[in-house]
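These protein sequence lines map, in sequence, to chains A and B.
Okay, so the first sequence: first residue is 1 according to the UniProt record's numbering, each after it adds one.
Okay, so the second sequence: first residue is 1 according to the UniProt record's numbering, each after it adds one.
These are computed hints drawn from the structure, not numbers from a lab.
Any given hint could be a false lead.
Have a look at the derived ranges for each label pair, beta carbon to beta carbon [claimed, not checked]:
| # | chain 1 | residue 1 | chain 2 | residue 2 | range |
| --- | --- | --- | --- | --- | --- |
| 1 | A | GLU79 | B | GLU106 | 49 to 59 Å |
| 2 | A | GLU116 | B | ALA55 | 24 to 34 Å |
| 3 | B | VAL89 | A | GLU118 | 37 to 47 Å |
| 4 | A | GLU118 | B | LYS83 | 30 to 40 Å |
| 5 | B | TRP49 | A | ALA96 | 39 to 49 Å |
| 6 | A | GLU124 | B | MET149 | 32 to 42 Å |
| 7 | B | GLY15 | A | ARG154 | 52 to 62 Å |
Heads up, the beta-carbon is just placed ideally off N, CA and C, and yes, glycines get one too.
There are 2 protein chains.
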Amino acid sequence: MGFEIERKFLVRGDGWRKAVSDSMRICQGYLNDEQRCSVRIRISGERAWLNIKSATIGARRHEYEYEIPVADGESMLAELSCKPLIEKVRYFVPVADRVWEVDVFEGENAGLVVAELELDHPEEPFELPEWAGEEVTHDARYYNTCLSMRPFNRWSQEERYPASRE
Amino acid sequence: MGFEIERKFLVRGDGWRKAVSDSMRICQGYLNDEQRCSVRIRISGERAWLNIKSATIGARRHEYEYEIPVADGESMLAELSCKPLIEKVRYFVPVADRVWEVDVFEGENAGLVVAELELDHPEEPFELPEWAGEEVTHDARYYNTCLSMRPFNRWSQEERYPASRE
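Let's have the full structure, built from the sequences with the hints guiding it.
Given below as structure tokens:
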């Protein structure tokens, strides 16, 4: 069991791509749509995990993660998970002494690019790269659980490209 | 991943107690109340498991089970599970060449005693002990997920002791 603290930002432009150090393809789905916690199956490469997170709004959440057989992950994604599944490529982008994760979504969430930074404390200072746009840490629409129920391609034009983000 | 086939019966009287071979105390809770599948945390003795079952009505269901650290199980039961938790003592009762599980519920489900038999095939023949009462395999009220949302002590007198079971 651990705590997870992360801050999340929209991404402006492609400036981050030249700094990518690594990437991985992720496919994940949720076994529930509860307020209390999320139960997520994730497959990346040849490995699979079951992840449980408390759904506390904000930056600090309880998190439990267990590796499981890939065959179990595949059948749970196919048979038991809410659809659509979340498909994305995660890019690792070093900035100063930290590594940001930039998620480029595909499938029904194509067009959405989000950058996340894990922190040890909610108020920990960090350098904001120039390609980091509006912070959406507390905006539930960007939770992956919500993106599986209401994917980006079903958002209104105004929601996807609000004037304040220009 | 496996399939689970089980048949469930109400229990009449105490005749089964003289045949008990073993028992264990169980405390469990659910992280969801979904139609699609159940996500269950169970602690028994010094061990804990995370269990995921598809919610197909009837006897045959997909089942996945992973052992987890007891400390994780305890904090998930306390913080993330639906309440009330299910508390019961499970008795193992050999009958002919099979072992029945008789669950004697406690807490908010006190008064309920249910016997279960795991089978390899839904139509597999077996010897029915004299203390096995009405079959409730297909009665959703007796699912442990349902007993955590609507425990036995909230059932009406008529539901608990219907005339047909006398």
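Return the numbers of the hints above that this structure violates; sort them in rising order.
Those not satisfied come down to hint 1.
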